[in-house]
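A.B. asks: Residue strings, one per chain:
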Amino acid sequence: MTKAGSVFFYIILLLFVLSLAAPLLHLPDPNKIDLDSLKMSPGAEHPFGTDHKGRDIFSRVIYGAKVSISVAFAAAIASCCIGSLIGLVAGYFGGKIDTVAMAIVDFILSFPSLLLAIAVSVVLPPGIHTAMIALSAAGWTSFARLIRGQVLAVKGLPFVEAARAIGCSNARILFVHIVPQCLNVGLVMIGMKLGGFIIAEATLGFLGLGVQPPAPSWGAMISASRAYILTAPWMVFFPGMMITATAFCFNLFAEYLKQRYDVKSITG
Amino acid sequence: MVGERANPETIESIRKEIGADKGFTGQYLGYLKLIMQGNFGRSYYSNRDVLNDMGEKLPNTIVLALAAMAIAVPCGIASGMVMAYRKGRSIERFVSIISIGGLSVPVFWCGLMAMLIFSLNLKLLPPSGTGGLRFLMLPALVLALPAMSSLARVTALTIEETMGMPYVRTAKAKGLAPLKIAMIHVLKNALIPIVTIIGLDFGSYLSGAVVTETIFGWDGIGRFTMEGIIMRDYPVIMGCIITCTAVFVIVNTLTDILYHYLDPRIRIYDKSR
Numbered sequence: 001m002t003k004a005g006s007v008f009f010y011i012i013l014l015l016f017v018l019s020l021a022a023p024l025l026h027l028p029d030p031n032k033i034d035l036d037s038l039k040m041s042p043g044a045e046h047p048f049g050t051d052h053k054g055r056d057i058f059s060r061v062i063y064g065a066k067v068s069i070s071v072a073f074a075a076a077i078a079s080c081c082i083g084s085l086i087g088l089v090a091g092y093f094g095g096k097i098d099t100v101a102m103a104i105v106d107f108i109l110s111f112p113s114l115l116l117a118i119a120v121s122v123v124l125p126p127g128i129h130t131a132m133i134a135l136s137a138a139g140w141t142s143f144a145r146l147i148r149g150q151v152l153a154v155k156g157l158p159f160v161e162a163a164r165a166i167g168c169s170n171a172r173i174l175f176v177h178i179v180p181q182c183l184n185v186g187l188v189m190i191g192m193k194l195g196g197f198i199i200a201e202a203t204l205g206f207l208g209l210g211v212q213p214p215a216p217s218w219g220a221m222i223s224a225s226r227a228y229i230l231t232a233p234w235m236v237f238f239p240g241m242m243i244t245a246t247a248f249c250f251n252l253f254a255e256y257l258k259q260r261y262d263v264k265s266i267t268g
Numbered sequence: 001m002v003g004e005r006a007n008p009e010t011i012e013s014i015r016k017e018i019g020a021d022k023g024f025t026g027q028y029l030g031y032l033k034l035i036m037q038g039n040f041g042r043s044y045y046s047n048r049d050v051l052n053d054m055g056e057k058l059p060n061t062i063v064l065a066l067a068a069m070a071i072a073v074p075c076g077i078a079s080g081m082v083m084a085y086r087k088g089r090s091i092e093r094f095v096s097i098i099s100i101g102g103l104s105v106p107v108f109w110c111g112l113m114a115m116l117i118f119s120l121n122l123k124l125l126p127p128s129g130t131g132g133l134r135f136l137m138l139p140a141l142v143l144a145l146p147a148m149s150s151l152a153r154v155t156a157l158t159i160e161e162t163m164g165m166p167y168v169r170t171a172k173a174k175g176l177a178p179l180k181i182a183m184i185h186v187l188k189n190a191l192i193p194i195v196t197i198i199g200l201d202f203g204s205y206l207s208g209a210v211v212t213e214t215i216f217g218w219d220g221i222g223r224f225t226m227e228g229i230i231m232r233d234y235p236v237i238m239g240c241i242i243t244c245t246a247v248f249v250i251v252n253t254l255t256d257i258l259y260h261y262l263d264p265r266i267r268i269y270d271k272s273r
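Top to bottom, those sequences are chains A and B. With the first letter of the first sequence counted as 1, position 24 gets the number 24 in the working numbering; the numbers rise by one all the way through. With the first letter of the second sequence counted as 1, position 145 gets the number 145 in the working numbering; the numbers rise by one all the way through.
Worth flagging that the hints you see were computed from the coordinates, not collected in a lab. Fair warning: this is a prediction, and the values are worked out from it, not measured in the lab. Idealized CB from N, CA, C, for every residue including glycine. It is possible that some hints are incorrect.
[Claimed, not checked] Computed beta-carbon distance windows for the label pairs:
| # | chain 1 | residue 1 | chain 2 | residue 2 | range |
| --- | --- | --- | --- | --- | --- |
| 1 | B | ILE268 | A | LEU13 | 46 to 54 Å |
| 2 | A | GLU161 | B | MET36 | 21 to 29 Å |
| 3 | A | SER169 | B | MET36 | 44 to 52 Å |
| 4 | B | LEU34 | A | LYS53 | 40 to 48 Å |
| 5 | B | ILE242 | A | GLN259 | 35 to 43 Å |
| 6 | A | VAL263 | B | ILE97 | 19 to 27 Å |
| 7 | B | LEU34 | A | ARG260 | 51 to 59 Å |
[Claimed, not checked] Some chain A residues close to chain B (C-beta under 7 Å, calculated; not the full set):
| # | residue |
| --- | --- |
| 8 | LEU109 |
| 9 | ALA227 |
| 10 | TYR228 |
| 11 | THR244 |
| 12 | ASN251 |
[What the hints assert, rightly or not] Stretch by stretch, here's where chain A covers chain B in the computed footprint (C-beta under 8 Å, at least three residues):
| # | segment |
| --- | --- |
| 13 | 65-77 |
| 14 | 98-109 |
| 15 | 114-121 |
| 16 | 133-142 |
| 17 | 239-247 |
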């Protein structure tokens, strides 16, 4: 787990590339309704079986990977950019800016994060962009807190003082001298957030607030096939297995990042 | 609310009744005012008072959350201690992988699978409904899983840190029994971050409840939220989210107050200020 941790990242990358290249792979059309093969159990023709509309589950799961993984990545990158910028400015300038920024962070942290995401998705029209915004709405606060703490630890060190003494502008000190010191923890936090975002996106999909049908998404597939769990359990099993496997890979990758950059005491 | 073939007058009168004709700020201020008076409005569909309904359902959710906590806290702390005290052994690897797995399983899928195995195939427990211990077990277990995992990881981390403290070395040098050191010297000093996580996990019980209660048909505030979302019943959604957030804030404030009693250092620091 320690040395080969980046393997997990490549597994997900492979899955993502596979889902992007899915149209070239001669998979059955994920949205094609085939009334001759309803609820077929997994077999040679349909490795993961078919659902209540005769659609191939393997194909839908592969196509669904694109949605889940891209939402998780987009939300992680957006949270990182917004949160880090606010954390940098708040930590560096301190004073009133810091007080206001941290008050906003505390305000958002007073919501359970999934409830906040649900609230955002209820207000905005459902879709892939809404899912990204909903996840980032709570996600940025972890980055803001983390980066602010890192800036506070770094800004008193001699090299920052030296940079100021030779007349560097605030912007230069921030982005050239301080930002590189925050990259490690920022990267680890992205790794930690990705697994959580995969699950949160699936949960929104399950609640009907994510990508809308018939577009395949893991969470929505499970919610649509809930009613058939007794007669066709594979319809629920395989999409959930994919969510778990993807989140598991991301979380193991985050563990690897933590050990690689020697930052242990970060919690999401 | 009125169907597709309603005449314009009906639509207009309902718009007036719910205040949709007042513009954005007017609507918002009106809503805030009503909430301050404890009036969360009426459901668009059932026309029942939202506050009343929430009052009926919240206790069920609290029972579920407490049951989940009763599973998550002892199991989480115990597996955290296993991870810290057996570091580098295969059992540590095993518990660690399990705990990462617990963080990676979506609650709704885990719930459905547990229902499939225990209720539908083995027929040990009822698949859904609100009621006594038999009904409570599956949802509480499913809800406890992610909280247990995060608690185990934080416990392991803090205990490892505390084990390096000089007073633990002193206790070892005095020749105290390892179990006594583990329970009194280490665990007691590691309690603050653990209690913080227990408080924060309460939020995950509340948002996890939305999914868990829906799957297991538990008549709590989470299922009420979900019904509201499906019907786009905004007074219900807003009321539930505000209530859950209020409960979450209260629980976290209580844990902050608890620090004062758990850690004499904080008590003394507060007095000296």
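A.B. asks: Indicate, hint by hint, whether the structure satisfies it.
C.D. replies: To see whether the hints hold, each was checked on the structure:
no.: 1; hint: ILE268(B) - LEU13(A): 46 to 54 Å; result: 52 Å, holds
no.: 2; hint: GLU161(A) - MET36(B): 21 to 29 Å; result: 50 Å, violated
no.: 3; hint: SER169(A) - MET36(B): 44 to 52 Å; result: 47 Å, holds
no.: 4; hint: LEU34(B) - LYS53(A): 40 to 48 Å; result: 44 Å, holds
no.: 5; hint: ILE242(B) - GLN259(A): 35 to 43 Å; result: 41 Å, holds
no.: 6; hint: VAL263(A) - ILE97(B): 19 to 27 Å; result: 21 Å, holds
no.: 7; hint: LEU34(B) - ARG260(A): 51 to 59 Å; result: 53 Å, holds
no.: 8; hint: LEU109; result: 9 Å, violated
no.: 9; hint: ALA227; result: 11 Å, violated
no.: 10; hint: TYR228; result: 11 Å, violated
no.: 11; hint: THR244; result: 5 Å, holds
no.: 12; hint: ASN251; result: 5 Å, holds
no.: 13; hint: 65-77; result: violated (count 0)
no.: 14; hint: 98-109; result: holds (count 9)
no.: 15; hint: 114-121; result: holds (count 3)
no.: 16; hint: 133-142; result: violated (count 0)
no.: 17; hint: 239-247; result: holds (count 3)
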